[in-house]
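Chains A and B supply the protein sequences, listed in that same order. Everything in the first sequence is counted per my numbering, starting at 158 for the first residue and increasing by one. Everything in the second sequence is counted per my numbering, starting at 3 for the first residue and increasing by one.
Please note that the accuracy of each hint is not assured.
[Stated by the list, open to error] Examples of chain A residues toward chain B, derived with CB under 10 Å:
(1) Ile164
(2) Ser168
(3) Asp169
(4) Phe171
(5) Cys179
(6) Gln192
(7) Asp196
(8) Phe210
(9) Asn214
(10) Glu275
(11) Asn277
(12) Gly281
(13) Ile282
(14) Pro284
(15) Leu302
(16) Thr310
[To be verified] Take a look, some chain A residues computed to stay more than 12 Å from chain B by CB distance:
(17) Asp220
(18) Ala223
(19) Gln227
(20) Ser231
(21) Arg257
(22) Pro268
(23) Pro270
(24) Pro276
(25) Pro285
(26) His287
(27) Gly288
(28) Ile292
(29) Asp297
What the hints contain is simulated information worked out from the structure, not anything from laboratory work. Here the structure is a predicted model, which means the values were calculated and not measured. Backbone N, C-alpha and C define an ideal beta-carbon position, used for all residues, glycine too.
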Amino acid sequence: MEFSVTIPLDSDGFVRRQCPSCQREFKWFHGRTDQAPEDWQDPDTYFCPYCGFEAPNDAWFTDAQAAYVQQSLSGRVSELLTDELDNVARSINRQGGMIRLSVSGQVDSDPPPPPLSEPNDMMGIAPPCHGFEPIKVRDDWYEPLHCLICGSTFTVDG
Amino acid sequence: MTFEATAVRVLLASPSDTVSERAVARTVIARWNATHALDQRVVLIPVGWETDSVPEWGDHPQVILNRQLVDTSDVLLGVFWTRLGTSTPEALSGTVAEIERFANSGKPVLLYFCRKPADLAALDTAQLDAVREFEAGCRDHSLHDTYGDTREFEAKLGRALTHVVAEKFASTTGPHGTFPRGQRLSSAPERKIEARLTAHLETYGRSSYRLVVANLGTIELTQVNVELPSEASRFTLFTDELPIDVLRPGERVALMASTHMGGGRSIFDVFVTGITPEGNTVRFPSKISI
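For reference, chain A alone in the conformation it holds in the complex:
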């Protein structure tokens, strides 16, 4: 069973992420840039640009995105449960006999969440080692950064 949830990109094509360790937010480019090697394969883990923490590529949802996904799925699962209860009742009633079952009401669920929006904020950076995997980091960050792909430390002028 699979559900899909849409998380928006900013107008430069970046998606907001959050480090599971230091909790700071940054963005990575969604998809591939035109500089990416033809045979480039997305890695299984990424490194936080701020603290260098390494985590699997599905561990970087922001708190807002995680809440949005949870709320969206809760509604879909409730719909599914209501549907399933109806099917069970129909199945029992079709068999005849003494028992007749009726289902009324709905499984409680939260209303669908308002869609997420993504402002075009933060400064875009191309690391020296993997320039084809650009990131966006906080405008007020002056410390060295880590490459998303290999974790190498680098700095940015200004």
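Fit chain B to the supplied structure of chain A, relying on the hints for placement.
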């Protein structure tokens, strides 16, 4: 290739019931070095009595260990589980003595208490009580952490090492000028021009599905179609809408589908095909599980 680095000695201080943690700590340190040593210009060296102490005559063993290991280390990793350790003339245990000596000299202490289950038959309750009492006493003057299994310990220790290096040893990692320089982007990156079609299954009720076909590439594709393998005999796709005349980048369409009982595989690949503006046919597999 050689490089100059600051060597930071990490003392492993723990009683005898944490042998596996000591091994894990060495692995985490090795992994940290592999990832960060070159660019941080810091190399972490694990230090433990089992590998770094040498026989010496003339003093209490703990005093000798203090001189050989504790006073020459820069970071202490303390781990307790069910035992506090053997008492010494000056402290509740050798490990506690090392922690107190270290902390009193102002050096960083990373302190963890294990919460994984223990074998009750082998448990020394007096030792366990001593650990709990020591942990309670630590609350007033330290920030310590707990873990429930090896995986959690690995993650927390890796994070703590990164933090303590950044906090305590960053100034010796060399001026920022020694790091390679990245570039600020003056405009949005150009997206790679590529065709990419995917398909995945979404559920609509008990046996009703939608096969969602999406154009995740950057070019418009025409005559988009779906090919089902013969082993997908339990899966029916309603193909009235196929082929899709045009599917633009970012667009997705949902095709009705259903499953039924019988033979056939429940996991298979469907192939999504399309034609590029240059007239080339592209074909992408997508794994489907029903």
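Taking the shortest Cβ-to-Cβ distance between Ser231 (chain A) and chain B, state whether it exceeds 12 Å.
Answer for Ser231 (chain A): holds, closest chain B Cβ roughly 15 Å.
Report holds or violated for the interface hint on Ile282 (chain A), using the least CB-CB distance to chain B and a cut-off of 10 Å.
With a minimum Cβ separation of about 5 Å from chain B (threshold 10 Å), the hint on Ile282 (chain A) holds.
Holds or violated: is the Cβ of Gly281 (chain A) closer than 10 Å to a Cβ in chain B?
Hint holds; Gly281 (chain A) Cβ to chain B Cβ min 3 Å, cut 10 Å.
Would you say Arg257 (chain A) is clear of chain B, with no C-beta pair closer than or equal to 12 Å?
holds (20 Å)
Holds or violated: is the Cβ of Ser168 (chain A) closer than 10 Å to a Cβ in chain B?
Where the cut-off is 10 Å and the nearest Cβ of chain B is about 7 Å from Ser168 (chain A), the hint holds.
Status of the hint placing Cys179 (chain A) at chain B (closest C-beta pair under 10 Å):
holds (8 Å)
Beyond 12 Å from every Cβ of chain B: is that where the Cβ of His287 (chain A) lies?
Not fine: 10 Å to the nearest Cβ puts His287 (chain A) too close to chain B.
Do the numbers back the hint for Asn214 (chain A), that is, is its least Cβ distance to chain B under 10 Å?
violated (16 Å)
So is Pro285 (chain A) really clear of chain B, every C-beta pair being over 12 Å apart?
violated (4 Å)
Hint check: 10 Å Cβ-Cβ cutoff, Leu302 (chain A) to chain B:
holds (7 Å)
Restraint satisfaction for Phe210 (chain A) [CB to CB of chain B, less than 10 Å]:
holds (6 Å)
Is it correct that the beta-carbon of Gly288 (chain A) has no partner in chain B closer than or equal to 12 Å?
violated (7 Å)
Checked against the numbered hints listed earlier, the structure breaks hints 1, 7, 9, 10, 25, 26, 27, 28; every other hint is satisfied.
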